[in-house]
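Novice: Just so you know, the protein sequences line up as chains A and B, in that order. Its first residue numbered 1, the first sequence is counted upward by one per residue in the UniProt record's numbering. Its first residue numbered 1, the second sequence is counted upward by one per residue in the UniProt record's numbering.
Keep in mind that the hints were calculated from the coordinates and are not lab data. One should not assume that every hint holds.
Because identical chains cannot be distinguished in the list, a pair is counted as satisfied if it fits within a single copy or across any two copies.
With a straight-line Cα cutoff of 27 Å, these simulated BS3-like cross-link-like pairs (lysine-lysine) come out [to be verified]: (1) Lys247 <-> Lys283; (2) Lys27 <-> Lys155; (3) Lys331 <-> Lys364; (4) Lys165 <-> Lys155; (5) Lys271 <-> Lys307; (6) Lys598 <-> Lys466; (7) Lys184 <-> Lys307; (8) Lys14 <-> Lys155; (9) Lys78 <-> Lys27; (10) Lys290 <-> Lys27; (11) Lys78 <-> Lys247; (12) Lys597 <-> Lys466; (13) Lys191 <-> Lys78; (14) Lys165 <-> Lys14; (15) Lys364 <-> Lys254; (16) Lys247 <-> Lys287; (17) Lys598 <-> Lys331; (18) Lys597 <-> Lys247.
There are 2 protein chains.
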Amino acid sequence: MASPKPAHADDLAKQQRSISVAEFFEKNKHLLGFDSPTRGIVTTVKEAIDNALDACEEAGVLPDIYLGIFQMEGDIFKVVVEDNGPGIVPENIPYVFGKLLYGSRFHQIRQSRGQQGIGISAAVLYAQLTSGRPTLVISRCGSDRPAFRFLVQIKTETNEPEILKREETTWDRVHGTRIEIEFKSSLTARKRLIEYLRYTSVVNPHARIRVEIDGEAILFDRASDEPIIPPQAILPHPHGVELGELKRIAAGSKEPLEPFLINSFSRVGQKTAHEIIQLAGLKETTKANKLDADGLARLQSAMQQVKVPPPPANQCLSPIGEVLIRQGLEKEFQFDFCSARTRPASVYHGHPFIVEAALGYGGKLDAEGNARIMRFANRVPLMYQQGACAITGCISAVNWRTYNISQSGLPTGPVLILVHVASTNVPFTSESKDAIASIPEIEREITLALQELGRDLKTFLSRRDKSRLSEERARAICAIIPEIATKVAETIEKPVPDITPIEGQIMRRLVTKKWTDNGTVNVSIQNYTSHALDLTLYLITPDDVSTADPPAVFVEEMGTDKSAVWQMRLAGGENWQLRYTGTGNGMIDIRGVDEKKKVVVDLDRS
Amino acid sequence: MASPKPAHADDLAKQQRSISVAEFFEKNKHLLGFDSPTRGIVTTVKEAIDNALDACEEAGVLPDIYLGIFQMEGDIFKVVVEDNGPGIVPENIPYVFGKLLYGSRFHQIRQSRGQQGIGISAAVLYAQLTSGRPTLVISRCGSDRPAFRFLVQIKTETNEPEILKREETTWDRVHGTRIEIEFKSSLTARKRLIEYLRYTSVVNPHARIRVEIDGEAILFDRASDEPIIPPQAILPHPHGVELGELKRIAAGSKEPLEPFLINSFSRVGQKTAHEIIQLAGLKETTKANKLDADGLARLQSAMQQVKVPPPPANQCLSPIGEVLIRQGLEKEFQFDFCSARTRPASVYHGHPFIVEAALGYGGKLDAEGNARIMRFANRVPLMYQQGACAITGCISAVNWRTYNISQSGLPTGPVLILVHVASTNVPFTSESKDAIASIPEIEREITLALQELGRDLKTFLSRRDKSRLSEERARAICAIIPEIATKVAETIEKPVPDITPIEGQIMRRLVTKKWTDNGTVNVSIQNYTSHALDLTLYLITPDDVSTADPPAVFVEEMGTDKSAVWQMRLAGGENWQLRYTGTGNGMIDIRGVDEKKKVVVDLDRS
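Next comes chain A alone, as it looks inside the complex:
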């Protein structure tokens, strides 16, 4: 056995040195999502757009974002992202873009897309590594401020920003930020890039994203004009506080224990504070920063044991909501069935979180192969590492056969599954934020949401099968009704009656009927279906619709004709009547019900 040379520890000592976080991530760039030039472009766009959306949200602005991607010489691509956010003050610009681990959201306990202060500076780092070029930033903080133009890069050895140029400039945006990054890349991932933008648009219906990729223009317009109410930061929850953290918080407070607990933690009132102090065997008058190691340990242990309500999730989280998820999905896909669930807030390690999920079935979804899976965290689509994600794990673990869906690992067939995890601290498996780590509390919520959706689908499928059956029966009956009507009319020597309503009733349809009697035009809408319908009635007619009762919500002149619109909600079985003076000439249509369920009878035209 060789004995070490006495000098050896000294040799090693000479090699030991501090590594800057920029050096670390330059070497391990795949951890940040810069595995390859192909992927680099997706990651850069994602980081820039995440930042833009976060900034707009914080300022209560409806996001209006421009994304441009241009091939420069050779394999150098330029990515431009411009937003109408609040802008960044010039003193901070070099740090925001030229220093890893610099940001405003790291210490805040609330839902946000970016949090680590790594993303966009990682893109700057990748740019200077692969193209050698600095990043251009223009930002302006309001109409009373000048715009500033910076050229920045990162000094890798120190992780400090290097300002190559700083100048005042004019800019037609009143407030906002523009960034131009050039790096080695390719457009091989174009499809995935557009998918990322589409998915982003689905879960951010308040955002408009104008895109220009190498000549092609695409608009992802907003579906809602309501800016998102930005989630508010909360205090740490007592159940999630580790001893080391408590030590730090306490060291910074000169308050006695009771106000210290109330003011430093969420959901702690006087009663709870009192209970914690008693259980820890401490004195109320002790100042927080005077606690010794033993006292802190007892305080922390008591904080875990005392019952405290969960953190105020509504305040710090911003789920998308079942309605918007369904709308967003139905804008992009066509389903026979779609259901969404927003689960109640839950907690892991003291971090509040909410799971939302949606299930689409049938329609134009691919009938073959695995289900389409859409994963989101804090309103950001997760585009890579599907296999490593807890969401995928949960989807595979659910027994979909119970809900009449075939399965081979993942569910198969015409199925789309969306899962959104919103949290003040989403546990990603790496800095690139591609996949959610396996946290039992989160997995439980995902599974519950999926099971609820599975049950919804099962109900739909069995109803569909049932209603198919009863529809076939109804169809058989309706086929003989005209004959019966004719026979009866003959027997009692009366004209053949209008059998539409009877058919409507049997077939459970929406029957709209129009007829004119002595210069009065009548429209009757009867909802024979079993559920409420939001309907819009359209009428194009030369008649004077200003006499209508009820009046139209909208009238427009179209030459000699008028186009008039009524809107109404009809519960299952309900009837609605309209009258106006006229000849009954013109056209009638109704929207808001499946075409197959719609019967329109215009007796004036028959």
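Once you have looked at the hints, place chain B on chain A.
Specialist: For chain B alone, coordinates are given in the frame of chain A:
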């Protein structure tokens, strides 16, 4: 649309600040493998033992490592790891254990277990966070140096070490390091912990690890007394150099281009340097640090285009080798078949790497369920996130049915698959180093290794099936031989002959026969199998074995009897003879052949 308050950018600016890397990892501790207290103990042990093995290897010392795990009060556990490495000079101890991103191996291009300078300080961070306690370190750098005892922790806000105690002390180790860490944990993961140690022992046959877990002692002894030749650091390979990196290297050199290229990069000689400079259209006399942005870009591009031999993998990598892998596996498992492959060195992004793989089949492996998978990177077992690892992906992607192995995603049945990836820069999916990222070059090598092993197994299985068939035939023939012998003996009126050798020949067995003739004992061993056998003959007898020809390799007195041992290698079909003077009393046995293939006939006892 709400307009941002003019003050908003200023409000945000107040919140923007730098985040220390310790704060970052405290919040994202799951990235470092500290997801839960249960896992924390495995990660801590792993980091400490990795460091110990690395240190011993660097010093050319055979590792002698002690691991103790003790439950203290409540859920606080103490982990003690002591090694006989070169020790750490006292000035550096606080940084090695009390600062994240501090180390000696980050900038070296060679295979090592630890590289990032994060692991062990992350354990210190986790300890102070969960137990509030600092870490104890004792280290000594040689017999002429005193030992030092430190109590250190990390100032989270700054990622700087805080020394709570520093004192000279006496220590019975001449050189080495001892660390004692206390943190919240549990022993739920005990099984996985022991598995980690066993796997570590398999791929580090030169290490002795003495373990004491909560009262139970386990020894993982070394299987080889050869210290590993520590891999040597190499220069960066020109094909793997990005522009930003080249810029930095060039800025630090005052040499003209030719010597600059030769001295700064591996595998670049005069001819290649000349070629690169010409292709880049640069002048030989230009000093490296005088190159402008355009010159650097052209130089980098030329470096990628010129043919350069791959990096010197033998120097900087330390694969385990096929023989040691098989030995290591066969020490722990029993197979019917085992094959190993060390692939030739390959390169990704300029980083050399070697893939090794082994396949075990049958024996005592579980016949049901998925194959057992053992993943290693730089001689370290990967214990978590199997699903997220490129190794698992490759195993699933191979079509095992081609090799007569059943498969459902992973191969199923009595199969064990080991894969080891050794590289100067293993691309892990996160800092916790649980899983290897999907790098096409690495995946290709893994797949090739697995396919080669699959073919080996297929050959084995079809031979086994063939030999089963011929054995059945042979058995049928042997069943009637005694009857034939008896009949023939009757007919020709001779005694029934000894038919053992005939049976042995037909059944392809090893037949050992002993008989005594006129005071001479004879032993004959006939190898009727088709392959060579390494055999050991044991004899326990009162006879005088000192007269034996050939003489025994070992004789021991056992009361009036002697125990004697002979060793021999017999090729298929070969015969071996032994003679000694005596009565033939005693016992005979032979080892080194499957029991089913062994026939021992002692005519002196029959």
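Novice: Run every hint past the structure and note whether it holds.
Specialist: Cross-check of the supplied hints:
no., hint, verdict
1, Lys247 <-> Lys283, "within (17 Å within a copy, 62 Å between copies)"
2, Lys27 <-> Lys155, "both (14 Å within a copy, 25 Å between copies)"
3, Lys331 <-> Lys364, "within (13 Å within a copy, 57 Å between copies)"
4, Lys165 <-> Lys155, "within (15 Å within a copy, 35 Å between copies)"
5, Lys271 <-> Lys307, "within (11 Å within a copy, 75 Å between copies)"
6, Lys598 <-> Lys466, "within (20 Å within a copy, 71 Å between copies)"
7, Lys184 <-> Lys307, "between (54 Å within a copy, 22 Å between copies)"
8, Lys14 <-> Lys155, "both (23 Å within a copy, 24 Å between copies)"
9, Lys78 <-> Lys27, "within (23 Å within a copy, 34 Å between copies)"
10, Lys290 <-> Lys27, "between (44 Å within a copy, 25 Å between copies)"
11, Lys78 <-> Lys247, "between (47 Å within a copy, 21 Å between copies)"
12, Lys597 <-> Lys466, "within (16 Å within a copy, 68 Å between copies)"
13, Lys191 <-> Lys78, "within (18 Å within a copy, 52 Å between copies)"
14, Lys165 <-> Lys14, "between (37 Å within a copy, 24 Å between copies)"
15, Lys364 <-> Lys254, "neither (63 Å within a copy, 65 Å between copies)"
16, Lys247 <-> Lys287, "within (13 Å within a copy, 55 Å between copies)"
17, Lys598 <-> Lys331, "within (23 Å within a copy, 76 Å between copies)"
18, Lys597 <-> Lys247, "neither (67 Å within a copy, 70 Å between copies)"
Of the numbered hints given earlier, the model fails hints 15, 18; all others are met.
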